[in-house]
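Participant: Order-wise, the sequence lines are chains H and S. Just so we're aligned, residue 1 is where the first sequence starts under this note's numbering, counting upward by one. Just so we're aligned, residue 1 is where the second sequence starts under this note's numbering, counting upward by one.
Among the clues, some could well be false.
Straight-line C-alpha distance at most 30 Å; calculated DSSO-like pairs for lysine-lysine [to be verified]:
1) S/Lys79 to H/Lys81
2) S/Lys124 to H/Lys136
3) H/Lys128 to S/Lys79
4) H/Lys122 to H/Lys136
5) H/Lys128 to S/Lys46
6) S/Lys56 to S/Lys115
7) S/Lys56 to H/Lys398
8) H/Lys46 to H/Lys90
9) H/Lys398 to S/Lys123
10) S/Lys77 to H/Lys397
11) S/Lys79 to S/Lys51
12) S/Lys46 to S/Lys77
13) H/Lys398 to S/Lys79
14) S/Lys51 to S/Lys9
15) H/Lys81 to H/Lys92
16) H/Lys398 to S/Lys115
17) S/Lys9 to H/Lys398
18) H/Lys208 to H/Lys81
19) H/Lys92 to H/Lys46
20) H/Lys252 to H/Lys122
21) H/Lys397 to S/Lys46
22) S/Lys124 to S/Lys46
23) H/Lys270 to H/Lys128
Read the hints as simulated data drawn from the structure, not as lab findings.
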Amino acid sequence: MANIFFDHISTTPIDTRVLEAMMPYFTERYGNPSSHIHDQGQQALKAIDAARTEVAGLVNAKPEAIVFTSGATEANNLAIKGAAEAWGRKGKHLVASEVEHFSVLNALLPLRNRGYEVTTVKADSDGKVDPDDVRKAIRTDTVLVSVMHANSEIGTIEPIEEIGRIAREREVLFHTDATASAGHIPLDVTAAGADLVTLSAHNFYGPKGTGALVVREGVRLESQIDGGFQEMGYRAGTENVPGIVGMGQAAKIASEEMGEWSFRLRRLEKRLHDGVASSVEHLHFTGHPTDRLPGHVSFWVEYAEGESLLLFLALHGVMAASGSACSSNLKGRDEEDLVASHVLRAIGVPSDICTGSITFSMGKGNTEQDVDQVLSVLPGIVRRLWEMSPTYLDYQKKVLRGG
Amino acid sequence: MASGPYSAKVMDHFMNPRNVGEIEDASGVGEVGNPACGDMMRLYLKVEDGKIVDAKFRTFGCGAAIASSSMLTEMIKGKTVEEAQAITNQHVADALDGLPAVKIHCSVMAEEAVKSALDDYRKKNPA
Numbered sequence: 001m002a003n004i005f006f007d008h009i010s011t012t013p014i015d016t017r018v019l020e021a022m023m024p025y026f027t028e029r030y031g032n033p034s035s036h037i038h039d040q041g042q043q044a045l046k047a048i049d050a051a052r053t054e055v056a057g058l059v060n061a062k063p064e065a066i067v068f069t070s071g072a073t074e075a076n077n078l079a080i081k082g083a084a085e086a087w088g089r090k091g092k093h094l095v096a097s098e099v100e101h102f103s104v105l106n107a108l109l110p111l112r113n114r115g116y117e118v119t120t121v122k123a124d125s126d127g128k129v130d131p132d133d134v135r136k137a138i139r140t141d142t143v144l145v146s147v148m149h150a151n152s153e154i155g156t157i158e159p160i161e162e163i164g165r166i167a168r169e170r171e172v173l174f175h176t177d178a179t180a181s182a183g184h185i186p187l188d189v190t191a192a193g194a195d196l197v198t199l200s201a202h203n204f205y206g207p208k209g210t211g212a213l214v215v216r217e218g219v220r221l222e223s224q225i226d227g228g229f230q231e232m233g234y235r236a237g238t239e240n241v242p243g244i245v246g247m248g249q250a251a252k253i254a255s256e257e258m259g260e261w262s263f264r265l266r267r268l269e270k271r272l273h274d275g276v277a278s279s280v281e282h283l284h285f286t287g288h289p290t291d292r293l294p295g296h297v298s299f300w301v302e303y304a305e306g307e308s309l310l311l312f313l314a315l316h317g318v319m320a321a322s323g324s325a326c327s328s329n330l331k332g333r334d335e336e337d338l339v340a341s342h343v344l345r346a347i348g349v350p351s352d353i354c355t356g357s358i359t360f361s362m363g364k365g366n367t368e369q370d371v372d373q374v375l376s377v378l379p380g381i382v383r384r385l386w387e388m389s390p391t392y393l394d395y396q397k398k399v400l401r402g403g
Numbered sequence: 001m002a003s004g005p006y007s008a009k010v011m012d013h014f015m016n017p018r019n020v021g022e023i024e025d026a027s028g029v030g031e032v033g034n035p036a037c038g039d040m041m042r043l044y045l046k047v048e049d050g051k052i053v054d055a056k057f058r059t060f061g062c063g064a065a066i067a068s069s070s071m072l073t074e075m076i077k078g079k080t081v082e083e084a085q086a087i088t089n090q091h092v093a094d095a096l097d098g099l100p101a102v103k104i105h106c107s108v109m110a111e112e113a114v115k116s117a118l119d120d121y122r123k124k125n126p127a
C-alpha cells in the first residue's frame, strides 16, 4: 500500500539536519541558559541566541524580537491576551478575521468575558479579508488587529502588508499568525508592518513543541506565564534548548531552500489541481486560485461526505486532512463540535450540500508519483460514496427527469 | 482492521457495506437526518407476514454513519416488525464493537431510521 503524506499543513516531518543539530543538546550540552556562569550554561545560551538570529533572519526581524514559546498556540495567546492586557487602558476593542485559527478565536473568548469587545471581519468567497473592512472595523479604542498570513484549511494568503499599513496609520497593533506560511513563502515582518507575528517550528520541518512570537521593539505585552526573567520577560520558564536549536536550524534551511521547495510544490500543485478537476465531477475548489500556499489543494465534492472520503483515502495509504463536519473534531466534547468548519461557513460554502472539504497539503518530500497515485484512487472513492448516497440518487433521478 | 478512531467491525462495514441499494416496491421507507448536519439515511423495508424479509439503505455520512446503517440492515433482516421496533441505538453500537463518543449520534440515526420506516409501513398497512 502507498504511504503518501499529503497533510503537511497539520505538521511536517523533521528534517534530518534539524534533528542532528538538536541531538547534542539532549545529551552532552544540557546546560540551562539562565545559569551561564559556567561552560554548560554558556553553550546553551549561545545556542539559543544563534537560533534567535536564524529565526529572525527567516522573517527579516531583529534577533531581540524573537520570543520563543512552546508553539503557535502559546504565541497566539501571548499576542492576543498579552496585548489586550498591556494596552487595556487605551481601549478594550480588538479586531480579528473570522477565518483565524482556533488559537486566535478562542483566545479572544475569555477577553470578551472580561469586558473587551471583538469585531470580526468577514472573508470573501475565496477566503480573502478585505483591508478596507479592517479599516472600517478599527475604532478609537481598538488596541489590536489580528489577521493571519495564510489559512491552513483553504490555503489563501491574506493581504497582510495592506492591513499592516492600515494598522500603522490608525496606530493600532497588528498581529499576524504565520503558522501555515512561515518557511514556505517569503515573509518580511518589517515590510508587513507587523508588530506581532506567530511562528511554529513543526510546520517548517522543525520539531514540535517550539514556536515563537516575533515582538517588534517597544511593543508592550503582559506576560501570560509568570516566573523567571527568560525571553526578555515575555515568557518565563527554562527554555526548550533542543527545540529552539531545532527551530533555528529549520529556519536556516528554510531561508536557503524555500525558493526551490516552492518551485517544485507549485508544479505538483498544478498537476494535482488539474488532475482532480478533470477526473472528479461536482468538485468545487476552495480558497484563492492563485494567492495560495504552494503545494496546497483544497476542495469539496457534492454528495460525498468529508470524513468518508478521508477514511477511504487513508485505506489507500493517502493521508490528508479535512475541515469536515464529522471528522476534524472527533475528539470533541459533544455534538456541538460536529458543525461544519468555521472557515467553510465563512467563505459561504452551502452547508446543505457540503459537509466536508479535503485539504491536500504537499511537502518537500512529495513527488509526481505521489500525485499520480492519489489521482488514480480519488475518482473511484468518490464514485463509491456517491453510489451509497441518497442525495446523489435524488440528483440522478432529477437529471433523468430532465430537471 | 481497525483504523483511526474506529473498531475493526466498523471499518469492515464501512469498507464492505451490506445491503446498499433501494427496494422498488418497499413496504416501508424511512428517511432521517439531514445532509446539513453531516449525515442522512434512507432505509427501505420489505415486510411479508409481519416479518422483515429484505432491507436496503443509502447513507450520506461519515464512516460511523455508513457502518451503523449497514449493521442495522443486517440486524433487522429476518426479524418481526415488533422485534425490529425494539432495536435501540445501543444495540447497533454494541454490534459494531462500540463507536467513539461523538459518533453515538450515528447509531441513533440508525434506530430512528428503522422506527421511521416501520411507521411508514404501518401507515400503509393499518392493522
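Participant: State the violated hints by number, sorted upward, taking the hints as numbered earlier in the document.
Facilitator: As far as the earlier hints go, 1, 2, 3, 5, 8, 13, 17, 19 and 20 are violated by this structure, in ascending order.
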